[in-house]
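Keeping their order, the protein sequence lines are chains A and B. Be aware that the first sequence starts at 30, since it is given in our numbering, and climbs by one per residue. Be aware that the second sequence starts at 30, since it is given in our numbering, and climbs by one per residue.
Bear in mind the hints are in silico, worked out from the structure with no lab data behind them. Among the clues, some could well be false.
Since the list can't tell identical chains apart, any single copy or any two copies may satisfy a pair.
[To be verified] Each computed DMTMM-like pair below joins lysine to aspartate or glutamate, with the alpha-carbon atoms no more than 25 Å apart: (1) 72 / 54; (2) 72 / 56; (3) 170 / 33; (4) 208 / 182; (5) 170 / 56; (6) 38 / 168; (7) 170 / 54; (8) 72 / 191; (9) 170 / 132.
Protein chains: 2
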Amino acid sequence: VSDDSYVWKRLSGSRVFENPYYSIDKDRVLHPQGYELDYYVVKPWRPAAGIVPVDEAGRVLMVRQYRYTTGVLSWEIPAGGVNEGEDCAAAAGREMREETGWEAQRIEPLYRYHPSHGSSSQTFNLFVGRGLKQVGEFDRKEIHSIGFFRRDEIEGMMTRNELVDGLSLTALLLFFRGK
Amino acid sequence: VSDDSYVWKRLSGSRVFENPYYSIDKDRVLHPQGYELDYYVVKPWRPAAGIVPVDEAGRVLMVRQYRYTTGVLSWEIPAGGVNEGEDCAAAAGREMREETGWEAQRIEPLYRYHPSHGSSSQTFNLFVGRGLKQVGEFDRKEIHSIGFFRRDEIEGMMTRNELVDGLSLTALLLFFRGK
Chain A
30 VSDDSYVWKR LSGSRVFENP YYSIDKDRVL HPQGYELDYY VVKPWRPAAG IVPVDEAGRV
90 LMVRQYRYTT GVLSWEIPAG GVNEGEDCAA AAGREMREET GWEAQRIEPL YRYHPSHGSS
150 SQTFNLFVGR GLKQVGEFDR KEIHSIGFFR RDEIEGMMTR NELVDGLSLT ALLLFFRGK
Chain B
30 VSDDSYVWKR LSGSRVFENP YYSIDKDRVL HPQGYELDYY VVKPWRPAAG IVPVDEAGRV
90 LMVRQYRYTT GVLSWEIPAG GVNEGEDCAA AAGREMREET GWEAQRIEPL YRYHPSHGSS
150 SQTFNLFVGR GLKQVGEFDR KEIHSIGFFR RDEIEGMMTR NELVDGLSLT ALLLFFRGK
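With the hints as extra help, turn the sequences into a complete structure.
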């Protein structure tokens with residue numbers, strides 16, 4: 030696109046925070062309308078990947094995990110960070126295997142989006158996993174329990190606002206969309 | 030619930046970062062299985078609220094805005110931070126009015142979730158706005174353009190993975206769910 034009249038230009042900036050998961054830059058930015066502003070951007074070192082594991086009856090395998098950030102015991106889909114050099118689909122499959130003890134023989138792309146677009150460059154990569162096979166046990170360190178859920182059960186959880194993990198909610202909505 | 034065997038207990042912690050939008054705590058945490066770990070939590074000072082504005086023909090009013098975090102010119106629903114002492118629904122209505130120049134006469138709750146559950150306590154509060162009335166102009170500082178979209182147009186944007194803002198994507202999927 031040659032029209033970049035809408036682009037906010039970085040004039041200068043500095044890294045104001047870093048930990049093993051993300052860095053934070055504070056940039057001085059030139060707005061297209063001519064004024065300057067400060068903008069903080071959270072930059073995760075790695076994207077994240079999540080997967081909707083579906084069995085032959087159409088049930089979804091979910092994990093229940095405690096979220097220290099909110100103190101909630103939350104039903105979610107398997108998800109985690111993409112390792113360096115790792116493909117997003119491979120990461121989704123690995124996280125599923127590690128967290129649930131189940132493997133997907135086929136992994137299909139579902140969606141790619143930015144969960145906190147105003148403050149972070151974080152990208153969530155969503156997949157669907159089919160051809161499930163149990164190859165081990167679920168990870169008792171990260172996961173409280175696992176379970177297979179029918180679509181009507183998941184829809185009920187949504188109607189009651191019980192699915193509060195954004196990645197899982199968005200992935201399940203996209204998976205069921207137009208079906 | 031009396032069973033708190035799954036709770037990760039905070040042993041100690043310190044605030045390692047602060048800016049006008051959020052703070053970051055680094056906590057030492059006792060896992061229920063007996064080992065200790067460090068956990069970083071991003072804690073926004075305020076929740077955010079977003080609104081799906083729907084006209085009488087069922088079209089959704091969206092805003093196109095440049096996102097400095099990703100360099101994307103993105104179609105989104107009106108959204109923003111909830112001010113101190115402000116009700117989330119009122120914040121959603123205010124953001125819509127400020128960003129689009131349109132007002133909603135009725136604001137209904139849609140959903141409440143955590144967009145980055147692994148790293149942040151951030152809460153997104155979603156609403157639907159009905160009974161639209163134009164009361165001013167859209168905000169040329171924050172917004173590139175605005176437009177009304179039919180459901181089939183929005184579904185097409187989703188099919189092409191063009192809606193990349195998580196809050197908007199999730200809100201629109203929830204709004205169209207089961208319709």
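Next item on the list: Hints the structure violates: just list their numbers, smallest first.
Entry: none
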